[in-house]
Structure formats: structure tokens, C-alpha cells
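Chain B: place on chain A using the hints.
Chains as they are written, first to last, in the UniProt record's numbering: chain A, 1 to 176; chain B, 1 to 588.
You may find that some hints are simply not true.
One-sided and incomplete, this derived list gives chain B residues near chain A with beta-carbon spacing under 7 Å [what the hints assert, rightly or not]:
1. Leu88
2. Gln91
3. Gln275
4. Tyr297
5. Pro367
Keep in mind the hints are simulated off the structure, nothing from the lab.
Even for Gly, the Cβ is constructed at its ideal location relative to N, Cα and C.
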Amino acid sequence: METSVATELRLGLPGRDRSEAKIISVSNKRSSSEMDDSCDPQQESVVPAQKAQVVGWPPVRSYRKNILQKKAESSSDGSAMFVKVSMDGAPYLRKIDLKFYTNYLDLLKALQSMFKCTIGVYSEREGYDGSEFAPTYEDKDGDWMLVGDVPWEMFVTSCKRMRIMKGSEARGLGCL
Amino acid sequence: MDQDHKKLKESSFPCEVLEKVLSFIDSHKDRSSASLVCKDWYDAERWTRSNLFIGNCYSVSPEIVARRFPKIKSVRLKGKPRFSDFNLLPQNWGANVHAWLVMFAKVYPSLEELRLKRMTVSDESLDLLARSFPGFKALSLSSCDGFTDEGLKAIATHCSFRLLGLVQMIIYQNLTELDIADSVTEDIGGGWLSCFPESFTSLEILNCASLQCEVSFDALERLVSRCKALRVLQVNESINLEQLQRLLVQVPHLTRLGTGSFMQELTVRQYKDLQTAFSNCKNLQALSGLWDATSVYLPFVYGACASLTFLNLSEANLRSGELAKLLPHCTSLRRLWVIDTVGDKGLEAVGSSCPLLEELRVFPLDPYDLDNQQGVTEAGFLAVSRGCPNLKYVLYFCRKMTNDAVVTIVQNCPDFTHFRLCIMNPGEPDHLTNEPMDEAFGAVTKTCTKLRRLSVSGLLTDKAFEYIGKFAKNLETLSVAFAGSSDRGMQCVLEGCPKLRKLEIRDCLFGNAALLSGLDKYETMRSLWMSACNLTIKGCKLLAKEMPRLNVEVIQDEWSDETHANKVYVYRSVAGPRRDTPPFVLTL
Numbered sequence: 001m002e003t004s005v006a007t008e009l010r011l012g013l014p015g016r017d018r019s020e021a022k023i024i025s026v027s028n029k030r031s032s033s034e035m036d037d038s039c040d041p042q043q044e045s046v047v048p049a050q051k052a053q054v055v056g057w058p059p060v061r062s063y064r065k066n067i068l069q070k071k072a073e074s075s076s077d078g079s080a081m082f083v084k085v086s087m088d089g090a091p092y093l094r095k096i097d098l099k100f101y102t103n104y105l106d107l108l109k110a111l112q113s114m115f116k117c118t119i120g121v122y123s124e125r126e127g128y129d130g131s132e133f134a135p136t137y138e139d140k141d142g143d144w145m146l147v148g149d150v151p152w153e154m155f156v157t158s159c160k161r162m163r164i165m166k167g168s169e170a171r172g173l174g175c176l
Numbered sequence: 001m002d003q004d005h006k007k008l009k010e011s012s013f014p015c016e017v018l019e020k021v022l023s024f025i026d027s028h029k030d031r032s033s034a035s036l037v038c039k040d041w042y043d044a045e046r047w048t049r050s051n052l053f054i055g056n057c058y059s060v061s062p063e064i065v066a067r068r069f070p071k072i073k074s075v076r077l078k079g080k081p082r083f084s085d086f087n088l089l090p091q092n093w094g095a096n097v098h099a100w101l102v103m104f105a106k107v108y109p110s111l112e113e114l115r116l117k118r119m120t121v122s123d124e125s126l127d128l129l130a131r132s133f134p135g136f137k138a139l140s141l142s143s144c145d146g147f148t149d150e151g152l153k154a155i156a157t158h159c160s161f162r163l164l165g166l167v168q169m170i171i172y173q174n175l176t177e178l179d180i181a182d183s184v185t186e187d188i189g190g191g192w193l194s195c196f197p198e199s200f201t202s203l204e205i206l207n208c209a210s211l212q213c214e215v216s217f218d219a220l221e222r223l224v225s226r227c228k229a230l231r232v233l234q235v236n237e238s239i240n241l242e243q244l245q246r247l248l249v250q251v252p253h254l255t256r257l258g259t260g261s262f263m264q265e266l267t268v269r270q271y272k273d274l275q276t277a278f279s280n281c282k283n284l285q286a287l288s289g290l291w292d293a294t295s296v297y298l299p300f301v302y303g304a305c306a307s308l309t310f311l312n313l314s315e316a317n318l319r320s321g322e323l324a325k326l327l328p329h330c331t332s333l334r335r336l337w338v339i340d341t342v343g344d345k346g347l348e349a350v351g352s353s354c355p356l357l358e359e360l361r362v363f364p365l366d367p368y369d370l371d372n373q374q375g376v377t378e379a380g381f382l383a384v385s386r387g388c389p390n391l392k393y394v395l396y397f398c399r400k401m402t403n404d405a406v407v408t409i410v411q412n413c414p415d416f417t418h419f420r421l422c423i424m425n426p427g428e429p430d431h432l433t434n435e436p437m438d439e440a441f442g443a444v445t446k447t448c449t450k451l452r453r454l455s456v457s458g459l460l461t462d463k464a465f466e467y468i469g470k471f472a473k474n475l476e477t478l479s480v481a482f483a484g485s486s487d488r489g490m491q492c493v494l495e496g497c498p499k500l501r502k503l504e505i506r507d508c509l510f511g512n513a514a515l516l517s518g519l520d521k522y523e524t525m526r527s528l529w530m531s532a533c534n535l536t537i538k539g540c541k542l543l544a545k546e547m548p549r550l551n552v553e554v555i556q557d558e559w560s561d562e563t564h565a566n567k568v569y570v571y572r573s574v575a576g577p578r579r580d581t582p583p584f585v586l587t588l
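Just chain A, same shape as in the assembly (with noise of 0.2 Å):
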């Protein structure tokens, strides 16, 4: 029983050339933590080659893979959400547009170009305590709340306008 095969042994991955493998899109990504800074949502769909992913790998299922396009898909589904935002000292107001941006460290970083001045980083104990400047919204109920207190959908769907107070004003504004 002759059978004619050939047996290669390579270095590297195994099967067909890792270049080949297909190429789909990543879908937008969702940082686990809002203010996490290693992720950036705006690398969309182009993967270079080298990191190219593979069909149908990791294997997990496709409609847990659904549930979380769906959650990308869903902030831009159209509709914009303006919102007015103030900053103490500033001559007049800017607006823009929550559906725009995924996560608060997009936020901030566009809110500090748009007004040139700087937030500093958010935590859940200090706020943005030491900042020179403090982010707040109204929400629903009409209170002033400290921006990146909730889970960012959260906080899209409840702000009402932005406020970027003097962090000497902004402290002692927190959540628990």
C-alpha cells in the first residue's frame, strides 16, 4: 500500500502559511474597564497581516461573538446624542455628540482638546482629585454627578449636559 505523502516539518504555525488565514474584521471593541488605557476602539477593521485571525478561533460561540457585535453595533445605530458642555472660565459652551465616542477615556481626551485644559485620571476613591480640572453632567434626576462614576452605556443614556468644574469646586462630588 504505497501511499505518497509528504510530511513537512516546519517552524511556526503548523497547517498553511499564517498569512493565508482569513482575514475578518474586528468588531469594535469594548475596553473591560471604562478607563482602561491599553485599548483603542478607533482601530476598526484594519488588521495588519501578521495579526491576522483566524476562522472560527478562539472557540467561543458565535452568538456570545453576536451579543458583543450587537453591543458595538448598537451605539451606532443612527441616532446622535448632543449634549452641551460648560467649562468654568470659558466665554461660551461647546456641544457633542455622546454616540461618537465608546468609552470615557475617549471622552476626556477629546474633551481636554476641545477645551485645552487638563482632567487627569479618574478613580473610583479619589475622583479626579489632584486635577486641575474635574468633569460633571446632570443626569436624569437632576443631580450633578462625577463623570466615569457608572458604566459608561449607563451614563450615556442619563446625562443631560456636561459641566468641567475647577477641581477645587469638584471636591467632595462623588459616588459612595
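Structure of chain B alone, referenced to chain A:
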């Protein structure tokens, strides 16, 4: 023939007694063994079998089943190979249940239960089902596709009540279970819930957690309020907390609850009502759903946690702190599913709060982000193993692992029956020593003598497979990806694991020699799957020629050509080659 028959009759048990005895045997494996003893036993067994289990719908045909078993009341039928869950099987591959239903309708009119896994079920089939079995009670569709609202409406409308016009006797044949777990399609709306008539009160199990759409809350509320025997209720994400509270007060005796979305701004009153509702659920054994649950609302679940044996947090992206606060309330916990957002720290809490834990599954939040360094590592797994010595089942997705950690883990937990480790970057070595992960799986197979299911990952050479072949004597299911250094690896497994039933391999360099080394083995197994390996059509043809009782199928896709067989599915069958192959499936 008559004299022989007489002789046999005189010396053997009366068949009525034999049948009575055999009717006590439930396990289909035991029944299969009994049927092989002699002709009498074969006959007695086939007349008394009422539960039918078919692990591969193509291993036998409806006609053969109908001929052999005259009195079936419940059927469990499985279709597609497991890798179809990960999109490795093209659409319309097969496993359509319709031909089976047509046969069941003809031969088993008193069918009561049907449980399907990975089968294609059309609306037409559901309609046929609804109309054909007056005594039908339970339908379970796990990971099935092909049906929409219309099919479910047919079930709801027709299964719920049948009038048998016997004089002065009205018999209600009522549906007790409708479970469409994991069968997700966008085409299923929520309208079918409204099709259960007002007189329908017998539902005991309702699971529609995976539905992607809005469910009519009114219809659901009315259904729940009149089905007093309801013990399992799993709703989908469209149901909010306020609605959940209204449902819970109707059925506080639930044993399994799947909540809807946990993100909703509540008034103090609503919060208190929910807390009370949960505290009144004294019989809860399983809890799931909890979409978007956070530290704000998780606490009102605490009141229901004492009796929980199964907690499914795989939709709630909890952090370590939230998990650490929740777990101490779950004093009876045996099974826990979480997302890796809990981190190693959260798993430490598992180790310290759940001494009775037998099953742990850790799913990745973002599996496709290859740069993501978050999630869990070997530290979390170690922490769990230290605190949970009864661990038997683990499914662990991580990006980093070490051989030493796994060696220690199995020393702490030698009773593993299911060990599924997925190191997500393909071919990833031990992150501390940079060596292959061979020793890890060597330890698993050597120490865990009861191991029945194993999924390997990381950088693996043939050594890992040598270990598996040498030590894993109870292994039934093996899943392999991006591993091995030569054909010898696969050969070791085929020659070494006597109880192997299912072997699924993807992206390995095993070639024809490896495939053909299992000639004698495949008829003792349910199936073999090999994709993105080094198989050729020629090699597969050879296998098919040598083993006529195997179906050797090659699935053509964009990676195949005239020589390369990219996806190969081999399985034993008494029904011969499939008669319903789509054009892209080649039967050799």
C-alpha cells in the same frame, strides 16, 4: 426453524419477564450491550426501548430506526460536528431534522419529547411537529438553526391543547417544556409568546434567553401568571428589572431563573420591591442572565443565593470586587461561569469562597483582540485549584499559562473529568520558560485518571500526544488546534486511547500517514474531524476504500483545490453515504 425456536423457548426466560426486566434499564449504552447478548434479548430490548439517543444523525437512517424500535416516546438527536459552533461548517451543510420528523409522525405518534442539538429545523418541521403528536410535552432546541417566529408560533398554538373527542372525557395533552437555548437567529421575534391560548397552563420550563429581539412582556406576564407549575424561567435581555420583579412575584418557587437586563435606573421603592422579590425565591438552584449587572444592583440578588448550585455570570461583565462581594452569599455553589473581566483577583475570591465548586468556566470578554493583555492567567487558575479540591470540570480561556502551574493545579485537583484549556494565541509557549506546554498536558493525563474530555492548546510538540496516548486511558473526546510536530503525534493518540470516541483537529500538520494510522480505530469512534491539516483527496480516498463502513466526507471551501482536502469529516454509519449532500460536500 420451529424446532430451534421451541428449544430456545424452553430453555430461556419467558419473553414477558425479560421485557419487564429490561424495561428498567435506562442507559442506552447498557441497552445496546444487552441487545448483543442473543436474539431473544435483542428482540426484548427493541420492544422495550422508549428513549432513543442518536449521537450522529447520519450514523443511522430514519428507516432503520423505525424498523428496529417500535415504541419510542422520547428522542435525543445530534447533528452537525461541534466545530460548526465556530463557523467552520458552511451554511446548508445538512443535519436537517425533517426526514426524521416525517418518520416519527408515521411510526411514533405518541412521541412526547424531542431534544435536538446542532440540527437544522425549519418552520415547516416545527409545524409538522406541532400537528403530529397529540401527547407532545417537551421540545428542546440546543444550538439549532433554520426556524423563525412562525415555527414557534405553530408550537405555541397547536401543542398546547388537544381535544380528544371521547365521550365525556376531555384530555388535555399539554406542553411542559419549551427550551430554545442557544438557538439564535435574528428572524425570531417575540410574537409567538402571544400564541399560547389563555387555557394553556401547563408550562413548566420556558427558556428563551438567547432570543435577540423584544419579547412581548404582556404576553409573557400573562403566560407566567397562569402557569403555576412553572419552575424554570429564562427570559432575554429585552426584559428589564421592573418587569422582572412583576414576573418574580408570580413564580417565587422557581428553581432556575434567567433574568433580563440588569441595567435600569430604579426608584428606591422599585429597588426594595426587587430585593423582596428575590428574597422570596427560596428554591433557586440556578441563576443566569444578569446582563450588564454592576455593583449597584447585584446586591439584591444576595437574598436568593443561599440555595444556588449554579451561577452563570457569563453575560455580566463583573469585576473582581463585585464577584468577591457576591460569592460569600452562594454557600452551596457547585458550578460557576464567569467572564475574564473578574481577573485573577476575582478567581482568588472563587478559591476562598466556593469550597464545594465542581465546575468552573471562564469565558473571554474580547477573544478576537490579539493585543489585549487583560483577562486571567495561570495565577487565577492556581488560586481556584487551591480552594476548590472537588473541581471536576474546567473551561478556561487565557492568554498566558505555564507548565508548572498546570502541574500544581492537577495535583490540587486530581478528579478532573473535563479539562478544557484554551490559551488564546495559537502556538503560545509557557510564558515564563518559553518551552512547549507538553509537560502541562502530560501532568493532566497522568494525574487525572478519570479524564474523559480534553482540549489542548498552546505550543505543543509530539511529546504532548505521546503523553495523551500513554496515560489518558479513559479519554473519550479530544480537541486539538495548532499543535503537534509530526504525524506521530496523531498516531500516538489513535493507538493509545482505547475509549476515544470523538477526535476534532484543526490547523495541525498531520497528514495522510496520520489519518491512515487510525484505520482500525475509526469504526470504534463516533467521528473524526480534521480541518486545515495536511490531508489530500488521495489520502482520504484511500481511507474510504479501505473502510467501506465509514463515511469519508470532504467539504470544499475556498481553501481546497483538486489535491488538498481542507475539511474532512469521517464517521461510522450503518446507513451508507448521505443522500442529502449539498454540492460542496464530497463523499469519497
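Numbered hints the structure breaks, given as an ascending list: 2, 3, 4
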